[in-house]
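Read in order, the letters of the sequence shown correspond to residues 698 to 1102 in the numbering used here.
Each hint should be verified, as a subset may be incorrect.
List of simulated lysine-lysine pairs, DSS-like, C-alpha gap at most 30 Å [said to hold, decoys possible]: (1) Lys-1082 - Lys-1070; (2) Lys-967 - Lys-911; (3) Lys-1070 - Lys-762; (4) Lys-1082 - Lys-762; (5) Lys-762 - Lys-967; (6) Lys-1082 - Lys-911; (7) Lys-967 - Lys-1082.
Derived Cβ-Cβ restraints for the label pairs, each shown as a range [claimed, not checked]: (8) Phe-965 - Leu-995: 17 to 27 Å; (9) Glu-896 - Gln-1040: 28 to 38 Å; (10) Arg-855 - Asn-1068: 50 to 60 Å; (11) Ser-1071 - Arg-838: 25 to 35 Å.
Hints in this document: simulated from the structure, not taken from any laboratory.
Just so we're clear, the structure is a prediction, and the values are computed from it rather than from any experiment.
Backbone N, C-alpha and C define an ideal beta-carbon position, used for all residues, glycine too.
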Amino acid sequence: MGHRIFSQQNEAAQSPPFLAGFAPFGLDIIHFVPRKVWSVTQKLNVIPASIVDRNIACASTLPSKYYTVPDLLAEETRSIFWQTWQIVGRSELVRDPGHYITTDLLGEPLLVVRGSDGVLRGFYNVCRHRAGPPAAGCGSRKVFRCGYHGWTYALDGRLLNAPEMEGVQNFSADELRLRSIQVGEWEGQVFVNLDPGAEPLIEALRELPGQAGKYRFGDMRLRGRREYHMQCNWKVYIDNYLEGYHLPSVHPSLNRELDYNSYETTLFAKHSLQASPIRGPENESTVDRRYKQADGDLSAEYFWIFPNWMLNCYPDNVSLNIVLPTGPETCVAIFEWYFPPDQETTIEETMRFSDEIQLEDGNICEVVHRNLKSQSYETGRYSAKQETGVHHFHLLYSEAIHSGE
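Sequences and hints are given; from them, build the entire structure.
This is the structure in structure tokens:
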């Protein structure tokens, strides 16, 4: 490749619970100001309704400015990432009363804790006195004591003690609880949503639990984790994930596994499913195969959930991917690999195979991002056969980014 296009970090399964974009992993995360200081449509000189035609046969892709204008990321953070269900850790780390995790979601410090009553709760990890940190890291606590001035909070967010506040007029501990956020759990993962009016997690997932339930993802064990830092806008990576059109050109080894001619994409309200049969034994004597089998009854399924997380489901493993912006023109993709509890073989082989594919994706995504800044390019056209998933993402994105216009 001539130079190092992006870096990767390998974390053991026993690493902290937080996912990409969160401070405990030492990522250089930019904290974006959520103020609405400009109009998206004025800044990009487009009319919201005309960004993406709903008819894919007539539609053009998102204009290149949507991938390169620096100011847009603050609006995406406010309108998309803080308004959708985001994964922040694993349920096993908040299984018992008092167990907690802290994290940072694109500039918002958060705290999730299992209460003494067994209820999972989420809060902004911000003291109501002068914005100190009520909690740090992860572990188990009976109370949370702010590291700045010692204000103490119960596991349910109530203010228990505020030292040296005697004589302060109109002081009400009941009004100074930690600010709460919505939390939920599904298949062993903890989710948060900063939108107070958001529908509950399981309702928001709609058909997904029924579709992915057969893989028993929540019963699997985390066996590996890697972070891929890329020099491309986060949407470039999502676009690439949502189509198998590039499979023959970019992924020769994966193309030997999947039946490209039978590759299908099915769209739902807030997610999509790409599926392909895994090839049968034809030509196995002349090519190296990851899945060698007697017949062609196996399949691979790829679930994408708006805006930025995925489940890659194979016969012997499920990988969770989360993509987060680290800047206007950079992003990080988190890969976590889960296997059945009794599986000990093929784990390293699986991760090496997946790593090869991700290196190929990272390479093409970085090249595409650079080319999006060329004066020769503004927008493109969709393949009505192969890029329905990309078109679907662009429609959802357009609706979300202009929801506050």
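Hint by hint, here is what the structure shows:
{"no.": "1", "hint": "Lys-1082 - Lys-1070", "result": "27 Å, holds"}
{"no.": "2", "hint": "Lys-967 - Lys-911", "result": "20 Å, holds"}
{"no.": "3", "hint": "Lys-1070 - Lys-762", "result": "8 Å, holds"}
{"no.": "4", "hint": "Lys-1082 - Lys-762", "result": "25 Å, holds"}
{"no.": "5", "hint": "Lys-762 - Lys-967", "result": "24 Å, holds"}
{"no.": "6", "hint": "Lys-1082 - Lys-911", "result": "28 Å, holds"}
{"no.": "7", "hint": "Lys-967 - Lys-1082", "result": "20 Å, holds"}
{"no.": "8", "hint": "Phe-965 - Leu-995: 17 to 27 Å", "result": "23 Å, holds"}
{"no.": "9", "hint": "Glu-896 - Gln-1040: 28 to 38 Å", "result": "36 Å, holds"}
{"no.": "10", "hint": "Arg-855 - Asn-1068: 50 to 60 Å", "result": "54 Å, holds"}
{"no.": "11", "hint": "Ser-1071 - Arg-838: 25 to 35 Å", "result": "53 Å, violated"}
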